[in-house]
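Construct the entire structure; sequences and hints are all you get.
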Amino acid sequence: AQKVTQAQTEISVVEKEDVTLDCVYETRDTTYYLFWYKQPPSGELVFLIRRNSFDEQNEISGRYSWNFQKSTSSFNFTITASQVVDSAVYFCALSVNTGFQKLVFGTGTRLLVSP
Amino acid sequence: EPEVTQTPSHQVTQMGQEVILRCVPISNHLYFYWYRQILGQKVEFLVSFYNNEISEKSEIFDDQFSVERPDGSNFTLKIRSTKLEDSAMYFCASKTTGQGALNTEAFFGQGTRLTVV
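From first to last, the protein sequence lines stand for chains Y and R.
Take 1 as the starting number for the first sequence in this note's numbering and just add one per residue.
Take 1001 as the starting number for the second sequence in this note's numbering and just add one per residue.
Check each hint, because a few of them may be wrong.
Unchecked claim - Restraint-style ranges between C-beta atoms, simulated for each label pair:
(1) Y:G43 - R:S1073: 16 to 26 Å
(2) Y:V46 - R:L1039: 13 to 23 Å
(3) R:L1030 - Y:D55: 23 to 33 Å
(4) R:E1001 - Y:A81: 23 to 33 Å
(5) Y:E17 - R:L1030: 36 to 46 Å
Simulated from the structure, these hints should not be mistaken for laboratory data.
This structure is a prediction, so every number in the text was calculated from the model and none was measured.
Backbone N, C-alpha and C fix where the C-beta goes; we use that ideal spot for every residue, glycine too.
See below:
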């Protein structure tokens, strides 16, 4: 079975601070995919990134960066110079390459960025 | 940009009534899903649908739930006899196939908030 743990329930920062959201996953499958989704106050789920288990290269997209470390089963997400618009709930999710790739979500981290 | 569309955005129903939640997936996608998010909790998988049949379902997806793709574009979730605990946000998602394997990102609709009173 797969499991995703997001230990941080809520994080509050002031605008322009950097913030890292932690994600730890469990799976016995050797091929798997990790995702981050953003859920703004309006409620929709917005895809941010997908990473497969064979690619441990870190990725940067603007102010967002992701650190994937198989050795610690972690896929952390950093927002640099946070902005008020980053306020949302962020979900880490995992799927494996068997069956029909359902997503297993973590419990989410609520990020509050104040001006 | 193509998107997954869900209707209605909010539905209020009386306990015991049947509801149908509707979704229009992205047109070239082949895999369809329903997820549920009880208020303030995590998103939970309900069911996946491929090639006109259920491919996987969770323990939550019991006999009161059913899914259908009636006309090749819509994808519906029916709850036969709603209970108070069915109150949640229901998300539809779709995805296409990836190169050589099946894993690409799922695109989610904006959700239907179901309130059972």
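### Query
When the hints from earlier in the document are held up against this structure, which numbers fail?
Hints that this structure does not satisfy do not exist here, as all of them hold.
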